[in-house]
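**Q** Here is how the chains run, residue by residue.
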Amino acid sequence: MTIPQPAQLSGQPTARSGRIEIRGLTKQFAGADIYRNFNLELREGEFISIFGPNGCGKSTFINLISGIVPMDAGTVLYDGKTIEKTRLSYVFQNYRDALFPWMRAIGNIQYPLKILGMNKVSRLRRVEELLAEFDIRIDLNRYPYELSGGQQQTVSILRALITDPEVLFLDEPFSALDYEMTLFMRERIQDVFLKRRNTIIFVSHDLEEAVQLANRVLLLTRRPTRIAEFVPVEIPWPRGSKSLSSPEFVAVKSHCLEVFSREVARNSSNRSNVGT
Amino acid sequence: MVQLSVTRAAKDGEQASETARATSSMPLDLPPDTLPPPRSSQLRRVAQVAIGPVVLLLLWYVAGELGLLNPRLIPPPGATLTETWKALTEGTMFYDLVQTLNRVLVAFAIAAALGVPIGIVIGANERIYRSIEFIIDFFRSTPATAMFPLFMLIFGLGDQGKIALAAFSALLIIVFNVAYGVLNARKTRILAARSMGAGRARIFADVIFLETLPQTFVGLRAGISLALVVIVVAEMFIGGMDGLGHRIADDQMSYNIKDMYGSLLLSGALGYSLNYAFLLIEKYFVHWAGR
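Heads up: the protein sequence lines correspond to chains A and B, in order. Take the position in the first sequence, starting the count at 1, then add 731; the result is the number in my numbering. Take the position in the second sequence, starting the count at 1, then add 38; the result is the number in my numbering.
In case anyone wonders, no lab produced these hints; they're calculated from the structure. Honestly, I wouldn't trust all of these hints.
Here are the simulated SDA-like cross-link-like pairs (lysine to any residue), alpha carbons at most 20 Å apart as the crow flies [unchecked claim]: (1) A/816 x A/828; (2) B/225 x A/969; (3) A/816 x B/232.
To list a few chain A residues with every Cβ distance to chain B over 10 Å, as calculated [unchecked claim]: (4) 819; (5) 820; (6) 832; (7) 843; (8) 847; (9) 968.
We treat Cβ as the ideally placed atom computed from N, Cα and C, and that holds for glycine.
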């Protein structure tokens, strides 16, 4: 991993035109195929939502392509670079388990920079810049357990952004928050995307937020997982809570729901066939 | 405590008002549930805690007065406590207490210094853990007292033998708890650190060690309690001229019954204080536990 220069962080967002190529992705759990020779090509700089039936391996997918879980076979290249050579960040579903409770919020946010070997002064400057950029008003001298759920997940997201990652993985990041906080956090993550144009790969179990935030929604089948459909979402940004009732949004969402229901139905009929 | 110092400050005037400001601003930095409770409920808590011992002393006294107790076996509380106070301030009881405490602390220090790193290494390698789990469990279940003769043979009758045995017993408990903590550490934080590019050594120092700290403290607390037990018993039976265990055995043989009760009370107070001290240390260092 290389240390990004501060200029790159505070200056204009760098144009990203590369491709993310996933070739022959294969993974088994307990003898069952989750992914078998799965191929996908994504454009960098896009916001991709992943949605699919329960247990189809949505989270496994981003765990595999982010290198958190090793794959059995396959290659993933980010703009031609391997996982190890790409700056990736990951936001976990359970912020309580992912933040370091022994560090104050500010320590958590700058920890990735510490790993990269950056000195303390530069680390603090980077945090300052980040806070100013997103207008965050959280008392960062508190410990994570002293913050609300939304604040904790905000700290997680800031921790992921501090390295200015090329790709940001979000694994159901709002599922532990109440609806009001979820709406607020959706706007916040949009704000991140519109300012930074990092590639964001977002796993969700909520179709509404999957459609609201994405350039494209990747709909998956039951396992062994295949692509059911890759649905483009052409709704103008920014997409506030008002756009949730716009006709375009409703159209895209109901189309996705149709595909989703078809996939769920197809497999349950398969299963009942096996049963009889 | 904060409130007490505020009232005192108010009386002392000028310079004190600064203290008042400093102390009154202090709770703002603390999470709400660590704020000191109102004074009246604090007093009530102290009273509640005191009721048990006071009633016990009262029963002891009344039973003695009524002639229900054989004074040769259970002397009255007043005389016992006076005798103990005298032995502490004028006699050698305080010296015995210090000797025992020293041995416990040395044994515990050895056990902790070896046990925590060993526990981490064992816990981090599941295969090593599985292969020595039985050995640790076996020796942990073996009564420490049964190993007196062996340790006397190896380390002699002096302090070394007592300390070695206490350290060995505490070591097993500490290793077991630390290894268990590492083995069951939540994986998300480790994954998080790994996803940031942290290497193995850094993950150990920055994540696993701290993640395991609550369980480590469970082991340390159990370890120091066991070290005290082993040291006191060793002082009774393995040669030596001092320590609370030696004093209690001596009192029994010379029929110095009041001194024996005093030494017993003191041993209890020592064990209680060690445990309590560890709880305080734990609360300070592992402030996040259970949250």
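**Q** Taking the hints in turn, state whether each one holds.
**A** Results for each hint:
no.	hint	in the structure
1	A/816 x A/828	violated, 27 Å
2	B/225 x A/969	violated, 36 Å
3	A/816 x B/232	holds, 14 Å
4	819	violated, 7 Å
5	820	violated, 7 Å
6	832	violated, 4 Å
7	843	violated, 4 Å
8	847	violated, 7 Å
9	968	holds, 28 Å
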